[in-house]
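Fit chain B to the supplied structure of chain A, relying on the hints for placement.
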Amino acid sequence: MHYEHCIEVRNLSFSYPDGTEALRNISLEIGKGEKVGIVGPNGSGKSTLLLHFNGILRGKGEVRILGKGISKANLKEVRREVGLVFQEPDDQLFSPTVFDDVAFAPLNQDLSAEEVKIRVKQALQEVGLPGYENRSSHHLSYGEKKRVSIATVLSYDPKILALDEPTSNTDPKNRRRLINLLKGITKTIIIATHDLDLVLDVCPRCMIINQGEIRANGKTEELLSNPHLLEANDLELPLSLSRLQKVKNQQKIS
Amino acid sequence: MQHSYLDKYSNLNSPIHRADPRLKILIALFFVLSILLTSSGNLLEFAFYGVIIASLVIVSRVPPLFILKRSLMIIPFIVLISLFLLFDRTGLSAEYSGGFLFRGIVIKSYLAILVLTLLSSTTPFPSILQGLQRLKISKVFILLLSFMYRYIYILVDEAMRLTRGKRSREFGAGKWRQIKSTAPLIGILFIRTYERGEMVYSAMCSRGFDGTIRTLNTIRLRMAETMVGLALITIIVLVKLITNSHAL
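Sequence lines, in order, name chains A and B.
Going by this note's numbering, the first residue of the first sequence is number 1, and it counts up by one from there.
Going by this note's numbering, the first residue of the second sequence is number 1, and it counts up by one from there.
Next up, chain A with everything else stripped away, as it sits in the complex:
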């Protein structure tokens, strides 16, 4: 399958001010319309990598979004194309009401009042929370906050979605809802997570990242069914596959 490149990263390295090397010589390509999982243990550099996709962090090396290198001059355009959703919804939702938060980006684009209202309505519809406009974020459940967080980027219709741990801390029902939501979106999606079942479900391709380096890159089913590769990178077989494995082993014994 040939993809037009949406995100291209060349030899990207990044160290935090305290000297921690978070990313080491990362190179990757993500095609248009692809859904890619970036998996790795805690502190492997997943979130740091995501923050490079819209220029919040800028390390050594090159990051190209839709063919253009990120520079100070085009930050606004880049952020217009890359919708970044933070892991912690209390960081993502900073306005007094849900409406204000979902309308934040469209308002920053100077859209008309009518257009903004339509966008907000559609985005909330899409995440399954219609009519939540006047609720205040701190009275929402965690699962609802997670979904509103996604609505805050859907409302400005970016070409690329970059999500940091979209399912963390959610109960099974909310997790399933989020997975179905992500499956239904037809944009280019990058998901940084250690919820391997989520990746298995949503992303045909994935990358394993550990200690700031890409350790593997390929078909999700192949990578995530390889127990040696996963264990070498402080991960383990996704629950759905490990059960299958157990059943197979038992069959062998009997």
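FYI, nobody ran anything at the bench for these hints, they're computed from the structure.
Beta carbons are placed, not taken as given, at the ideal position from N, Cα and C, and that holds for glycine.
Below, computed lysine to aspartate or glutamate pairings styled on DMTMM-like, alpha-carbon distance capped at 25 angstroms:
| hint | chain 1 | residue 1 | chain 2 | residue 2 |
| --- | --- | --- | --- | --- |
| 1 | A | Lys145 | B | Asp7 |
| 2 | A | Lys76 | B | Glu195 |
| 3 | A | Lys60 | B | Glu195 |
Computed beta-carbon distance windows for the label pairs:
| hint | chain 1 | residue 1 | chain 2 | residue 2 | range |
| --- | --- | --- | --- | --- | --- |
| 4 | B | Ile191 | A | Ser71 | 28 to 36 angstroms |
| 5 | B | Ile186 | A | His5 | 45 to 53 angstroms |
| 6 | B | Val140 | A | Lys121 | 23 to 31 angstroms |
| 7 | A | Asn180 | B | Lys175 | 50 to 58 angstroms |
| 8 | B | Asn11 | A | Glu236 | 41 to 49 angstroms |
| 9 | B | Leu144 | A | Glu231 | 43 to 51 angstroms |
| 10 | A | Ser13 | B | Gly174 | 48 to 56 angstroms |
| 11 | B | Phe147 | A | Asp171 | 24 to 32 angstroms |
| 12 | B | Met160 | A | Val247 | 40 to 48 angstroms |
For chain B alone, kept in the frame of chain A given last:
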């Protein structure tokens, strides 16, 4: 963690709730000013103001008991600040005794707080912010208030979690050590708050924030409301005139 609403009952439906927040802010301000500019001895005027507030509460359908409870919270602060008046022997005022001034200050502050409690229980906080913005209050100040409204309980939660963590592990330690270990707790709370601020700013930048705050105007002043508002102001002015001419 579930917290009580800062602006509980502000989503009821009454003529006061529906009114333009700008109008409500201005009237509340005017009302508070006329309360503060009352001579401490004019109990009749205070009584009239009390009646006006009571009728407004009834119109607003906010449970009166709630307004009473909420407004009582301020009393300890006022008493603490004005307590010294009771023991004043230096002659702060030539005409009035300390006790007289103390009574005046308590009544005035309480009435003023009643008015503000009524305002905050009939206007959702975001609407108050929008009203302030349309009244040309500095946007930075409004943004500050809006972040406070959004994050105050998150901070309270964070502080509570930290204290819980401390309590569950400090058994056996002496009292002095327990007190001493509170200091780093405050430091950590500060660092977490600072870091959250950084994250929030990143989240804002990610969605195209460039330093200007844009909001959608959803409030509109209606003629009928303005008339009612003017009538209310007239009543307050009349009360002031009548009660003071009587004194003269």
